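Go ahead and model the full structure; you've got the sequences and the hints to work with.
There are 2 protein chains.
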Amino acid sequence: MQAEIIAVGTEILLGQITNTNSTHIARGLAELGIDSYYQTVVGDNPHRLADVIEIAARRNDLVILAGGLGPTKDDLTKQTLAHYLNVPLVTDEAAMQKITDWFANTDKPMTANNRLQALYPQGATPLTNHNGMAVGAFYQSPDSADFLLLPGPPREMTLMFDTEAKPKLQAAYGQQAQIYSRVLRFFGIGESRLVTELQALIDGQQAVTIAPYAKTNEVTLRLSAQAATKAAAKTELDRTEAEIQARVGEYCYGYGDDNSLEAVVVHRLIEANLSITAAESLTAGEFQSTIGSVPGVSAVFPGGFVTYANAAKHQLVNVAQATIDQAGVVSEATAIAMADGAKHQLATDTALSFTGVAGPEALEGQPAGTVWIGLAYRDQPTVAYEYHFSGDRQKVRERTVMAGLDLLRRALLADTRLAK
Amino acid sequence: MQAEIIAVGTEILLGQITNTNSTHIARGLAELGIDSYYQTVVGDNPHRLADVIEIAARRNDLVILAGGLGPTKDDLTKQTLAHYLNVPLVTDEAAMQKITDWFANTDKPMTANNRLQALYPQGATPLTNHNGMAVGAFYQSPDSADFLLLPGPPREMTLMFDTEAKPKLQAAYGQQAQIYSRVLRFFGIGESRLVTELQALIDGQQAVTIAPYAKTNEVTLRLSAQAATKAAAKTELDRTEAEIQARVGEYCYGYGDDNSLEAVVVHRLIEANLSITAAESLTAGEFQSTIGSVPGVSAVFPGGFVTYANAAKHQLVNVAQATIDQAGVVSEATAIAMADGAKHQLATDTALSFTGVAGPEALEGQPAGTVWIGLAYRDQPTVAYEYHFSGDRQKVRERTVMAGLDLLRRALLADTRLAK
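Line order of the protein sequences matches chains Y and L.
Residues in the first sequence are numbered from 86 upward in steps of one, following this note's numbering.
Residues in the second sequence are numbered from 86 upward in steps of one, following this note's numbering.
What the hints contain is simulated information worked out from the structure, not anything from laboratory work.
Values in this document were obtained by computation on a predicted structure and should not be read as measured data.
Among the hints, a few may not be true.
Identical copies carry no separate label here, and so any pair may be met within one copy or between two of them.
[What the hints assert, rightly or not] Each computed DSS-like pair below joins lysine-lysine, with the alpha-carbon atoms no more than 27 Å apart:
#: 1; residue 1: 315; residue 2: 253
#: 2; residue 1: 253; residue 2: 300
#: 3; residue 1: 300; residue 2: 158
#: 4; residue 1: 480; residue 2: 315
#: 5; residue 1: 319; residue 2: 251
#: 6; residue 1: 480; residue 2: 319
#: 7; residue 1: 480; residue 2: 300
#: 8; residue 1: 315; residue 2: 158
#: 9; residue 1: 251; residue 2: 158
#: 10; residue 1: 480; residue 2: 158
See below:
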């Protein structure tokens, strides 16, 4: 079973938008166990579109077309496909009703073009567009490749692909055995080192495949097991995960596609009922903004301080001028004083502090990327650690925030007073 | 002149990475005036790669291959191309020197595969890789399509394409008249409304083309004029820009590809020598973090406050409990008190405040997306404005930060005491 994705849109060819639709569909095909050896992009031109449909149908069992289902004169994908298949376009009544209802509720005139959005090739199964007007279609052909028609706007495409198309693809071509996946998330270890540490496991993988994926500032591993039952898959996934955790478990902070280091840390703080604040210099509020992105954080986060200037470090979190004068503003002593001062001001259980050189210029003779992070944790002695990050100003700040989150994650893990 | 981009990499076909390389190259081709009607993605498989090279060479004058130049056994792009062209691979001595120097400076053994990275098809011009080891190549053929070979990692590819390849493409195929561009940046007006307002100009465009481009929370317009001299282009661009500014100038905040609303506002504050602070509730530090991303901001930004909990609003920026009790925490009165309090605490010239409902839950009976932004500006009466943003928690916070920046931009523009 082999499929090709054709994205239709001149704006992709001009570099005005990035073709994220093909990424999303490709990932879905991989999950369904459908091979994909080619992707194509073509503009809103019926002759060239017909050419690439011809080529793709020759070398694949399924051709997926995304884009060109809209109401403008440039949208010609389904007309071109219907011509290729030699079938007429017919109306999806539910989609047509939705379009006429929408125009009835506005004062805009409905044009003939708008009706085009409710058409699909005769013989296909229409696919509902829950985020728009243009209907999709799944056409199974006895004597040529099958075709899947999807809209171009990513909001419409992703929802239709995930909820309408994927189940139909699975029913039509699905494996007998289903694929079960588990995603492990790592911070503090690069992709190449992770792969090196796990090389024997990756080379010897059989029942469970291990796919590493480098993301911004972290790496994930997707473990996939093909099995007849969920329980059988779980046994295999557990066995492989145990081998991975034995090697690199220290860096594994959590599970799942929709997870993040900040979500894991904030949820742990909420569970443990421990409050947090921060005093930020080089990060200028980015740490607090990052934990602020997690819903529910207000239960443990009263607020905090951005102490960019030395005077603000003194005024807002009581760093003594003598500390800055003697140790320097980018120093262990200043980081510790900032964390202590913030924790004391807002009477929280924990506090982080960030002082360093974001760049591009050096500061106090220290190069860009030099950072001290302080951690005041419950009744433990406040500590600070030195880091040397590479990259531009924004990269240094992002890595600083992630390193602070990881410091707190490790302190929470090591805290024997907390329930596991 | 017509070119096709072929991205080589199984990880794109599996949906593990998004094909941003093709976007970057496509934009570059558009700037050079080279047409592009197709893009292709193929995996690290020499037979299928040979097939797509064959198809692309038949339908184009130039084929650009990105990816597969590295040292692993999967990297076969240049071997496959050399086979197609029926030429041997030869060594770029400068690249080979760089590779041997690198291995001499580490304790890692250099393998035969590493030498592969210095090879290019005989007869081509090698292209230096300033961010990596693998050399690129530009091959001009008298009797088939020309070929451009680029590495796959985006850091290596973009730098090589921009600095090494583009000038050679321009020399080989460039227009007689050069294209001069100017980018205008807009905030507070959507792409569709911007296009509607400028429809007559866009429909009637002749000497200057107008290309709108929707980005996150803003829209840019790229004006391009083809002319024999820079001065002639400037005259045309000035004329078109004046027409645009007359219609939508209120929303135009700046110029250039590498610009942002925060950079414009921070630079204006530095010029005017006006200091700034903030008290942030729903944005939790994101406004301060955003201005903190602009190099040089320390001259005008001493620091500020994240006042997430009501107690922190009182303790850190002196919002009276009675204000919160009577008006509510998401209110004009609270926003004004927060801005005033922050400005007073750090004795700055200006202060912004942010209070609202980031979501997903409602607060005090107000729906997610309800936001008040306060502005304390020099000796003017402090004001606050209400907004209703749509989207998820992160979207609401981002839009809040941008709206705050725009509020300050407009106050600075209207300030008659400042030099223009």
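Hint check:
{"no.": "1", "hint": "315 to 253", "verdict": "within (21 Å within a copy, 57 Å between copies)"}
{"no.": "2", "hint": "253 to 300", "verdict": "neither (30 Å within a copy, 33 Å between copies)"}
{"no.": "3", "hint": "300 to 158", "verdict": "between (39 Å within a copy, 24 Å between copies)"}
{"no.": "4", "hint": "480 to 315", "verdict": "neither (41 Å within a copy, 36 Å between copies)"}
{"no.": "5", "hint": "319 to 251", "verdict": "within (23 Å within a copy, 52 Å between copies)"}
{"no.": "6", "hint": "480 to 319", "verdict": "neither (38 Å within a copy, 36 Å between copies)"}
{"no.": "7", "hint": "480 to 300", "verdict": "both (13 Å within a copy, 21 Å between copies)"}
{"no.": "8", "hint": "315 to 158", "verdict": "neither (48 Å within a copy, 36 Å between copies)"}
{"no.": "9", "hint": "251 to 158", "verdict": "neither (29 Å within a copy, 34 Å between copies)"}
{"no.": "10", "hint": "480 to 158", "verdict": "neither (43 Å within a copy, 32 Å between copies)"}
In summary, the structure is inconsistent with hints 2, 4, 6, 8, 9 and 10 from the numbered list given earlier, while agreeing with the others.
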